[in-house]
Amino acid sequence: MKRVWRHHSHDVAIGDHDNLSAIPSGESVQIREMLGGHHFLSRLVSLGFTPGTHLKVVQNFGRGPIIVSVRDTRVALGRCEAERILIDRLAREDNGH
Amino acid sequence: MAIEAQSSSAANPQATQQAAQQAVSVLEGEVTLTVALAGQPNVGKSTVFNLLTGLSQHVGNWPGKTVEQKTGTYRSQNRTIHLVDLPGTYSLTANSPEEIIARNYIIQERPDVVVAVVNAASLERNLYLVAELFSLAKQVVLGLNMVDVAEGEGMRVEPRVLEAALGVPVVSMSAAKNQGVRELVETVDRVVSGELICEPNVPEIRADHREVLAEIHELVAPHTPPPYPSEWVALKLLEGDREITEMMQSRCLPPECWEKVHEILMDHEDAVLAVASGRYDWVGRMIRAAVTRPRAGQITLTERLDRWATHPLWGLAILAAVLGVVYWLTFAIGQPLQQFLDVYVVGGLANAAAIGLAGAPAWISGLVVDGVLGGVGTVVTFLPILVIFFAVLAVLEDMGYMARGAYVMDRFMHLMGLHGKSFLPLFLGFGCNVPAVMGTRIIDSHRGRLLTILLAPLVPCAARMTVVVFIAPIFFGKAAMLVAWGLVIFALAILAVMGVLLNQWVLKGERSAFIMELPLYHIPNLRTIGIQVWQNISEFLKKAGTLILVMSILIWALATLPHGEIQTSYLADVGKALAPLGSLMGLSWEMVVALLSSFVAKENSIATMGILFGGAAGEAGLQSALAGVLSPAAALAFLVVQMLFIPCAATVAAIKQESKSWGWTAFSVVMLLVLSLSAGILTFQIGNGVL
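Residue numbers (my numbering), protein chains in the order written: chain Z, 76 to 172; chain S, 27 to 717.
Just so you know, the hints here were simulated from the structure itself, not pulled from any lab data. There may be inaccurate statements among the hints.
Residues from chain Z that face chain S, not an exhaustive set, calculated with beta carbons under 8 Å [what the hints assert, rightly or not]:
1) GLU102
2) HIS114
3) PHE115
4) LEU116
5) SER117
6) GLN134
7) PRO140
8) GLY153
Distance windows between CB atoms, simulated [claimed, not checked]:
9) THR326(S) to LEU165(Z): 17 to 25 Å
10) ASP163(Z) to VAL523(S): 39 to 47 Å
11) LEU165(Z) to SER256(S): 38 to 46 Å
12) THR326(S) to ASP163(Z): 24 to 32 Å
In this text, a Cβ means the ideal position worked out from N, Cα and C, and glycines have one as well.
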């Protein structure tokens, strides 16, 4: 895994299209990178978030915290926290499981 | 593999077991064993603990920490087994005091067996903790709990396959239905007796970091202090674990060695993710064969319920309905019971004491009837409401709803630097501030809890509203209702402002990220709830009860000594000394004394006014007397102060009990004192100009 702050494509990531907070309800995505300090990262990790993990956005109303399903667990994430999780969208046929 | 110790023992396990046990008891007599219970939150760990230990539990604190420690005993095969409930944690990294406590206990106290309770419905994430446990403890038994919930979610876990993969015994359980607990106890016994051998399949780090881990291990191994496994220390250093890094750097490693280690660590700052991914890869291998999902893609109960419960609009409506039920219960059951206790139990005792002490000096019967029984009465009459609130909290928490309520309120609580979880305790404050303060236990971060505890007394409780409802009509006639509502809104506005201010200036910094598990819904276990209510209540009686009694006697003494009358008492002297301050709010010394006496119980201020303003002619007489001595502006100032004043003795006792700090208790009292008096003075000065 490359370090976040060296990877040029990540410099514009926050607020851009490919963070978790922008994904509509029902879509499945794959985690590409998580931004933050050790503390934040290890809390995410212990709840099942790691780069490469598939997760499904269960609920996202465009404001307020969102709900995702990751490793058989439903997790509520604050919007700011969701913005720090960068994702890759999956092809349509990958969705739905 | 968890294997039978000898092939012959498989044929006759009973005999081997007995023989092994006899051998142990011959050697050491009555042996006590220690078993630690580990697990992530929401796995039913406390249900398992409660089933095993029942009422033999002891609740205290972990040494030097504000985290609750539960221990208890159970008996099996003529042995007393000492069971320690480790705090529920998602991992064993130094993210929180709970995680440090859990791992330090295992490292330093070396329990004979660690029982890891996991939730079968979210096995993948739950085994992450087990992966960490395996590098610290060898004698592990896996309690595969909530298999019924998992099946409801369309998942089946095959315990024997999991057992073969993990190398430790696996026991299938539904603790909430009391299934599998006996088997768990037997399995622990068989591990202790050596009949079952645990060979945990310890996860390895991902291949790309194996070399660097070996490098670090080689450097630190000679300097690792005894109870710590050196491989584990190397791994934690690589993970960037704060506590272990600090320990090794400042106390264990020689400077030049630390330099080398530090250099390696700097080059692998992202290793925390590699280590974690390695653990999840391991977990994936463990469960691949053991978990089957016969009906993938079905819509589960939790999903269906959450469409409503977490909806921004319907979720709020459901929360409002839940709270409505809580209030209905309080008023329909709690209040009549409270009155019954007050009149018949406390009143009866007071009468009996008065008759029994008829011949004794007046001060003795005064001390017993007004001081001691007054205090006991306060404690006793709190009980019905506390039981209701604690039971409701426990039910909501146990069935999984609490996290949903917190989720829908998070947007609003966010402004004060709080999480949604703080909403419920604060809301309970409208009934009574005591359960509000005690209810903050559901908040996981220490800072969030403290902030909520400090804000809770600003929620106007029912007793404060009694005073408002008594005084407002005298001065504001038809507008009294408006004034009462205005005061509530005013108090809540102050609460919000104080929340923002405290968050910005006093408790700033570590606002933890909002990452919260939404557990699966399930039927609550009545036994767990019963034990939890019983524990909370007995703790309240033991700790807060004593403090309330002492404060009640103290206030009685101040209001009685030296001449036996409140008019000439020390309390009156204090009131008179504070008269200049009172006059800034348009209040006479009598009103200041009435405020001070509200410290015992909020509704006391009315009784005190009754005594100080002649006492005759009952309620109506007091109302007309008050109309004579107070201007409307002064009355409003009095009500404003009353709303924000120091909470009652019971709440202060609860604040001390829950914050475990006299410092923060004093901070709370001083903050409210300054707040209420300045608001009172402002109200009077402005009101005097306008009214």
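Task: Outcome of range test on Cβ distance (ASP163(Z), VAL523(S); 39 to 47 Å) - done: holds, 44 Å
- [ ] Report holds or violated for the interface hint on GLN134(Z), using the least CB-CB distance to chain S and a cut-off of 8 Å.
- [x] holds, 6 Å
Task: Agreement of hint SER117(Z) with chain S interface, Cβ distance less than 8 Å - done: holds, 5 Å
- [ ] Please test the hint of 38 to 46 Å on the beta carbon pair from LEU165(Z) and SER256(S).
- [x] holds, 42 Å
Open item on the list: Would the hint on PHE115(Z) be counted as holding, given a Cβ-Cβ threshold of 8 Å to chain S?
Closed with: Since the shortest Cβ distance to chain S is 6 Å, the answer is holds.
Open item on the list: LEU116(Z) was flagged as interface toward chain S. Is the shortest Cβ-Cβ separation under 8 Å?
Closed with: holds, 6 Å
Open item on the list: Verify the CB-CB distance for THR326(S) and ASP163(Z) against the hinted window 24 to 32 Å.
Closed with: holds, 27 Å
TODO: Have a go at the PRO140(Z) hint: is there a Cβ in chain S nearer than 8 Å to its own Cβ?
DONE: Hint on PRO140(Z): holds, closest Cβ of chain S at ~5 Å, below 8 Å.
Task: 17 to 25 Å as the expected CB spacing between LEU165(Z) and THR326(S), which holds or is violated - done: Holds, at about 22 Å.
TODO: With chain S as the partner, please determine if HIS114(Z) meets the hint condition of a C-beta pair closer than 8 Å.
DONE: holds, 6 Å
Task: Status of the hint placing GLY153(Z) at chain S (closest C-beta pair under 8 Å) - done: GLY153(Z) check passes; min Cβ-Cβ to chain S is 3 Å, inside 8 Å.
Task: Hint validity - GLU102(Z) Cβ closer than 8 Å to any chain S Cβ - done: Hint on GLU102(Z): violated, closest Cβ of chain S at ~15 Å, above 8 Å.
The structure fails to meet hint 1 from the earlier list, while all remaining hints are met.
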